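Colleague: Quick one: dock chain against chain with the hints and give me the complex.
Chains as they are written, first to last, in this note's numbering: chain A, 1 to 1017; chain B, 1018 to 1179.
Please note: incorrect hints may appear among the correct ones.
What the hints assert, rightly or not - Derived pair list, reagent style DSS-like, types lysine-lysine, alpha-carbon separation capped at 30 Å:
hint, chain 1, residue 1, chain 2, residue 2
1, A, Lys4, B, Lys1034
2, A, Lys733, B, Lys1150
3, A, Lys207, B, Lys1174
4, B, Lys1167, A, Lys629
5, A, Lys132, B, Lys1174
6, B, Lys1167, A, Lys630
7, A, Lys641, A, Lys629
8, A, Lys4, A, Lys27
9, B, Lys1034, A, Lys132
10, A, Lys350, B, Lys1150
11, A, Lys1005, A, Lys922
12, B, Lys1150, A, Lys107
13, B, Lys1174, A, Lys202
14, B, Lys1034, A, Lys219
15, A, Lys202, B, Lys1034
16, A, Lys733, A, Lys310
If you're looking for bench data, these hints aren't it; they were derived computationally from the structure.
Fair warning: this is a prediction, and the values are worked out from it, not measured in the lab.
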Amino acid sequence: MEMKFDGEFEVDLPREKVFVILSDPEKFAPLIPTFHSLEMKDERTAMLRVKVGIGKIRGTASTELTLTEAEAPYRAVYIGKGKVMQGVYESISSFELEESGQGTLVKWQAETNLVGKILSLAGGGMRGYAEKEISKLISSLQNGLSSNPQTVTAKPKADGWLARILRKSDSGETETAETPVSESKIAEGLAGFNDEQLDRRKEAQGKIDNVLSTARAEKRLPRKEDNRLIRGQGLFVDDFHPAGMLHMVLVRSPYAHAKILNIDVSAAEALPGVVCTLTGAEVKAQTNPFTQLGPEPSALIQDYCLAIDKALYQGDPVVAVVAESVQIATDAAQLVDVEYETLPVVVDCKESMQADVMLHEQVGSNYTWQGEFEFGEVDKAFEDAKHVVKIDHLKFHRYGSTALEPNAVVATWNQMGELDYFSNTIMAVPIAMIGPALSVSSDKIRLRTHDIGGAFGNKIGNYPHMTLAALASKKAGGAPVKWLETRSEHMQAGGHGSERNFFDTEVALDADGVITAIRSTHVDDCGAYPRYEPLACVIWAQVMPATYKLRNMKIDMRQVVTNKGPCAPNRGYSRLPHLWFMERCIDICGHELGIPADEIRLRNYIQEFPYTTPNGCVYDSGDLPMMLKKAKALVGWDEWKKKQEEARKEGRYIGIGIGTTLDSGTNNFGQSQIINPFLPFTGQSQASTAKLDLDGTVSIAVGSFPQGQGHETTSAQVAAEVLGIDTDFINVKTGFDTARNSHTGTGGTYASQFAVTGLSAVHGAAVKLRDEMKKLAAFSLEANEDDLEFGVGEMGPEVRVKGSPDKNINFWALSNLANYNTASVPEELRDLHLNVRHVYVAPFQTVDKEKKYGNLTLTYAMQLHIAVIELNRETAQTKILDYGIIDDCGTVINHMIVEGQSHGGAGHGIAASLLETMPHDKDGNVICGSFTDYAPITINNMPDLKYENMESPSPFSYNGAKGMGEGGGAPLLSISAAMQDALYGDGIIIQNSHHSPMFLYEVLKNYEGNPVSLESR
Amino acid sequence: MSDSTETLSIEITVNGKVYQRDVEPRLLLVEFIRENVGLTGTHVGCDTSYCGACTIILNGEAIKSCTYLAVQADGGEVITVEGLEKEGQLHPLQQAFSECHGLQCGYCTPGMLMSSLALLAENPDPSVKDIRKRLAGNVCRCTGYQNIIKSVQSAAKQLQEG
Ligand code: FES
Ligand code: FES
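One chain only, chain B, in its complex shape (with noise of 0.2 Å):
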């Protein structure tokens, strides 16, 4: 726990925006862009590195962001998933995974989507493997999985054909 107040300034940007605050040095990546910067997509489900909920792009990279603070991403930047769409039309990845019915409560899918567009941005044409072996990190408790790796690959597939 912390006997002071101390807090930082730290500046990172999120879907192109940037955004200054003062943060306590304790306060996680998650609860900065769901608390401070006020997006809600990004969500957390085990707090512990485990279920991928809080999945982001940071700099490039997918990371989960409940075990990452937010001190640490300073002068970074961020992508969730409402940096998905482009001018209010979804990105190929969120029409595969509705598509694909590769989602059902919804409560895994921000993690889900931006953990396969990191895969897609490293392998444009994953096989069922490599997309098991990326996306192992992220649990979904309703879909059983299936209709998710047929998303992928029908995101995989449009993209390259778009």
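For reference, chain A alone in the conformation it holds in the complex (with noise of 0.2 Å):
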């Protein structure tokens, strides 16, 4: 962990006094405040002894200080070495001396760098800690270099930062005797505050109050979700409690690839309040492997949610414990006790290839699906070609989203066999996966959700979880039971998103730099088990061409198992590799041909819609162009090039790098069919139910599954649009549940759809309801239906005559005429229960599973990503200089929810490609146990994005929108670009999609080989 400070204060004495003082060891270490002796070893380097502690609890610590750089009277450089609790640290301090009047400006800077045990203890509470230990270093110093020191700090001159710290150390925070303290007073707590911690708590706490106390208006909040959830009332899975919940925590395999020789769960079952174990021989015997997606050989695959006999990947679970608490079930894990003999493991899809090490013997190799792509007449625009680009091997590396909720459930299984699940599942589907699993009939399952932490996509990946809960929960008497992965059970095994590697691609190209053909090799990795895969090796051809008009590509796809975590779906899932890879394509092209990246790409790019691509895939609408010209005065494209030119001169790397993406949304299940030609999943369809219930408020129910789309918003929207009454009338019930019969089978949140087909559905509905409050309105109005309108009158909303106000019965009273009420209705009218659902079934065509050919998405929403880059190559970190977005996706229902789905997707896409990677050593260990090393994009490493939205609406949509959320993922693209704009001279090609420091380095150190050839006739 590092920490960085950084500030500047006056003193009175001259610079070069306060030289002679900050310069030497002797003299400078006393005046740290919690100096306790020292001892200099050389003319530099002083031996401290500091006294060291938090409350009572105080001892003393050594540490080394060295001057190492001082430059009379401007500059002195500390270096600080030492041990602290069960951590080292070390810290450069920097001081810069600036004249000042008669005084001096002291300019300063600390770095401190904290390895060890004391992150996992203190981390986030380290940094607060050493804020005020510098600030009370600071206002010691300032005291100590005026020529007046005093006892008490001075007061500090200008208000500001500076001045409130020193305020805050002026207000008694002086160092206390040392009191040794004994174990026991540890254990009873600090409680004990001395006199200056009750004031400094006393100050720190008035501020608070004061913020707190402030006037508050009340106002409309423009989310209907926001309401709870601002308040701390929103209900994730583990804010569920039911009565006599138990929890469950897995044991998880050490090893990448082990035979599972003996399983001693005794212990663990002795330990005083636990209820019951499992282990993979049980679960064996009752439950059935989870369905495989893939054909045969591959669907010979057997995946339970416990590992039976060999643990294939680390932190596969093998045994799972369930107690009365979360404590006492983490304290039996450890006490299982399981014999392996590890076996050889294989972590790279080449290897895996070979199949030299096999994870599912009974496969006879480790594919879980190979198959060829082709479309036009590949060969003969080859031979056509003028150019034709070679590159070796390009690589999308594996990250997940990890949304900050991990993965859970409350699963009960009752006596009577009925399933109840309280969980953070995204899709209808996993009812689909555990029926059968557990040989339960879907009528028996219900499945709830309510608030979700974030999923994107990931979520789907929870269902062998939630089939070993039930499991649980049925050994434990019916009891429900609760599990919730922990983040470092995420990191190493809740659903990475998968990576991808692209072998042998050739590009033929025309002589005007316009691609013809591509053939290529395409490998994906998905970790030990198929979950919801091999899916990923034709969901990619929903945008096979990308947004460029070669007619002729040939993809030998396949996709591999290793002993790595099961991959789960993750932001734009498939198609975002595959996208990369055709921006990769397109760049590489015109680098080799010196063509600039924005004069290709409109050569290239697909210019009329609808657009039919060669694999029957119907683009709808979008003007690429204008989007290129829009995201580059949005950056300001032209000064950034000049720039760019003179910064070169300066022997700086700045690159620019433009990403275009496809977020296809609405899939067409029938694109499963190419993967396996006997899965029954055709189409797709989403249903939605509205009613004015009993007291006459609109209640709408979804089949999605939000986590923070905000689907309630633009659900009550389109209602209230279609009711003529506003939003704040319209119910939209929170999360999913099967109980309230909104959903088919493909019910879900995922492949960008919801404004598409949730919509449609919940519009459909609500014209439904419409209708029929229209007729008992005329009726009981004795008006013609063609002459009322809806609204809101003095009883609230209503159907009124027009023209004639007076002539109006409001909801509550329609609501009771169908109701409480019904022998007053006609006959004829006693159909119209004001209770309606409707199911929007999106219009597909089956596809031809032997050719792959069909429309495989609905709509195509599209981002054109411009990202400009500084590269250091010294250190190989990258500075985002200026960020812009254009972002369409047709007619846009709610701007505030679009443009934030486009900053999270971009945050995303930004984390992936500069920051996060979950990498395995060759034996398979995850290298990213905790989020301290995958570091997920903070606020302070993400750069300010610019915006702008276009619309151009969808032909096949009611309402002109397209799904959106996954699209803007592009950075990946951008930046990967930018990279290779910025490299290229250098003779660099950028064949990874992760460009961390660590990772570039080794990149820009060891490059080698030249990975593109370029053949011209």
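Modeller: Shown next as structure tokens:
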């Protein structure tokens, strides 16, 4: 963990004098407020003893303080090294001195690096602690460097940050005498505050109270969801506590590939509070393996919710422990004894293809799928080509969007055989996986979600845990069982986004640099088990030619298993890797032929819409040249080009890159039959219900599983428009519930579709409800249906006769007719229940499985991003200098939400490109076991985004909208392109989608060979 | 792991109400708040002090309650997200997060709000840099942070005007 602080202060001593003190360790050290004693090791190095401690627990620690730079009278730099609470730290402090009147302005900078266990103990708390220590140090220095040192810190001259921290220490944060404290005192809690601490606490609390007590005005909130979420009243899985609930904790394999020789759970079961354990043997006896989506022979893979006799990845669950509390279950899990025999490991897809190590022997190879996608006349196009560019290997790396709320479930399988789930899965499909595994009819499974703390596709991978929790509940006599993934479990095995390798790519171009054909071999690595896989082997084909007009393509698509955590779909699933590949091709070709990145795109972009791709997908609408134009204007392309040239003269590496993505939304499940012709899935549908409840409330339920996308808000917008009333009068149910009957088998939140499928369903249901209401109102008001309108009157929402507002019936009275007052309704109107269901069925055809041809998705939102980066070749660090986004998702239902989705997607893309990766070592150990290692992007390293929107309505949705949310991953494309732009002049080809300094440093240092060649005829 | 079921009696004030409970020494403050007190607005996202979903105010300062023992907070005063409202009315920070769309799934939001509260208590008029610095310990996976910066700026403005 690295911490950096800086600041400045003024003192009245002249600069020379200040320098003399600051550049002499013997004089400088005693100014440290925690200074205890000192011994000079040599002229520049002091061995210090300093007082350390928190509260009343105190002691001394040793530190080595070395003066490393002294430039009289301008600058002094110290390096401090020491040990603290099971960790080591190193810190560099520098002081720059500037004359300021008679006195001196001291500009200081402190950089501390902490390593070791102290981080996991205090990690986040460290920063605050360090900040305080530094503020003390600075005020002490300021005092020590003044001509009239006092025992109390001098009053700060100016207001601002320094003044405040000085005031803070002013309030009495001085050292207390060392008091030895016994262990039992710690256990008692550090309740005893001394006076100074109490004062400080009072001051801090006073400030908080001040901010808390501010006047409030009641205003309307823009999103329906927000009211509960900003009050801390959301209901996430861990907030759900049914009576008698038990907790499940998993024992996981520490090895990536190992035979399970023996399991001993006796000690765990003997621990008081433990209810039961589950092992693979019981799971095998009581459940069926999960349905495999792949065809034979990969259909022979046996995937259960616990490892049976072999663990196939580090973190593979081997034993489940169920106890009264999570603490007891955790304790008991440590008492489980598992004997393993390790086996050779395969983590690389190339090695996996060779099958020297096999994960699922019965399959006879490590392939889950392989097949060829060939369209047009590829060979002929290569014969006719003017230029052929060959690229030997490209790689899209493994990462995950790591939703802040990990996977979780509460399962209750009662004695009547009814199975209730409260979980954060995001699709109805798990029912189709869990039901057959547990031999339970879907009619007996209730699946509910409420608030979900982000998912980004990833939580589809939760179903094995849901299955296991059900078994645990059954074994525990039907008690609810909660399972909550820890962050480290998630990092290890919670569903990584899959990685893809692109081998032996060849691109054919004509004389103008227009791509005419591409042939290539793509290999997906899906981890140890294909879960939801091998669907990735076809989903990319939704965007096969990307945004380009080439008609000839041949992709040899394969997927293998390796000894790594099973993958789960991740934002931009399967399409993003392919789009990244296509953008790498276009940029590399541009560079090879000397055509600028914007120009080669303009020559290759599809210009006319709707456009049918070589494999039968229909791109609905868009204007790519316009997007490019707007994006260039947004970042100031021409100015950056100039700055780039000037910077290059100074030896600085600026790169400018374009990334164009397609966010294909509303998938046609027929594409699954391209993978396995026997799968019974085609098309896509979503349901919604609308009813006028007993008291006249309009109540809408949908079949999606929202996780922050604002479905309650947009559903209410659509229904309110149909019913001519305000969204405040529309109640949209939170989360998903099979009991609401508002779903179909494909219900869920995935594949960028809600704006089309979900809202079309809501619209259809609202229209049905409106029509029924009109009929009843016409009867009641003795009016003509055509003369009626909706609105809000004195008695709330009502239906009234246009032009005669007195003739009205409000929603409550209408509902009354259908619910309580049915005898007063004439026979022919008694079919009107004001309780309707509508299913939107997307207008798809089945696909041609043999030819792999058909329309695989309904809408295509487009994004065009431009990244301007600067790469430091010494440190391999990348800084984003400018970032522009143009988003076109057709007609926008809610601009605020669309922009928010674009920001979020861009955040994930930038993070994956520059920070986040999930590497494994050669033994299959996960190298990113916690957030501290994975370093998800924070507000501090997220650049400012420039955003603009365009609207090309889709001709295929009733509202012109296109699904969106996944295309924001375009920074993976634009940053790789910018990196390429920065480095191409040095002959370096960007082959990987990940550019963190650690990774890039190796690339830059050991770059060899030429992965690209150009043949021109 | 614990070999005994020894418990200690502690007293912590949460949002102005005193809770006296017997707890195991290993109980984390976040567990105390969520399970013993029953306020589930404070979330856990990483367990290791990185994400800040568990941020609360203890004795006037923002801390990460996932790496703080309940017994350490004995005698202390805690404010959680549930303590932001006053008589059913939202705090300007809550209002601003909603108005500026500073939240999507809302899982990080309670922690963001508490860190922002501590920031504004110290610095009523923070620059973008100040906001970035002070909220660097709070991860949001949904928003890409742009609107969180806007939310804090807007709240600061409202607080200064109000
Ligand atoms: S849960 Fe406390 S910092 Fe993440
Ligand atoms: S809103 Fe979802 S993590 Fe921040």
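Colleague: For every hint, state whether the structure bears it out.
Modeller: Now the hints, each set against the structure:
1. For the proposed pair A:Lys4 and B:Lys1034, the alpha carbon gap of about 38 Å is over 30 Å, so the pair is violated.
2. Straight-line distance between C-alpha atoms of A:Lys733 and B:Lys1150 comes to about 38 Å, which puts the hinted pair past the 30 Å bound.
3. Pair hint A:Lys207 plus B:Lys1174 holds up; C-alpha atoms about 17 Å apart against a cutoff of 30 Å.
4. A C-alpha spacing of about 28 Å is found between B:Lys1167 and A:Lys629, which places the hinted pair at or below 30 Å, so the restraint holds.
5. Simply put, A:Lys132 and B:Lys1174 have alpha-carbon atoms about 27 Å apart, close enough for the 30 Å limit, and the pair holds.
6. Of the supplied pair hints, the one linking B:Lys1167 and A:Lys630 holds, its CA atoms being roughly 24 Å apart against a limit of 30 Å.
7. Distance restraint check for A:Lys641 and A:Lys629: the Cα-Cα separation of roughly 15 Å lies within the 30 Å cut-off, and the hinted pair is therefore satisfied.
8. Using a Cα cut-off of 30 Å, the hinted pair A:Lys4 and A:Lys27 holds, with the two alpha carbons roughly 25 Å apart.
9. About 29 Å separates the Cα atoms of B:Lys1034 and A:Lys132, which keeps this hinted pair within 30 Å; it holds.
10. Between A:Lys350 and B:Lys1150 the alpha-carbon distance is near 43 Å, which puts this suggested pair outside the 30 Å criterion.
11. Among the hinted pairs, A:Lys1005 with A:Lys922 is consistent with the structure: their alpha-carbon atoms are about 21 Å apart, no more than 30 Å.
12. Between the alpha carbons of B:Lys1150 and A:Lys107 the distance comes to roughly 19 Å, so the proposed pair stays at or under 30 Å and holds.
13. Proximity of B:Lys1174 to A:Lys202 is assessed by CA-CA distance (about 25 Å); at most 30 Å being required, the pair is judged to hold.
14. Between B:Lys1034 and A:Lys219 the alpha-carbon distance is near 28 Å, which keeps this suggested pair within the 30 Å criterion.
15. Distance check on the hinted pair: A:Lys202 and B:Lys1034 sit about 17 Å apart at the alpha-carbon level, within 30 Å; holds.
16. For the given pair, A:Lys733 sits about 44 Å from A:Lys310 by alpha-carbon distance, which is inconsistent with the 30 Å threshold.
Of the numbered hints given earlier, the model fails hints 1, 2, 10 and 16; all others are met.
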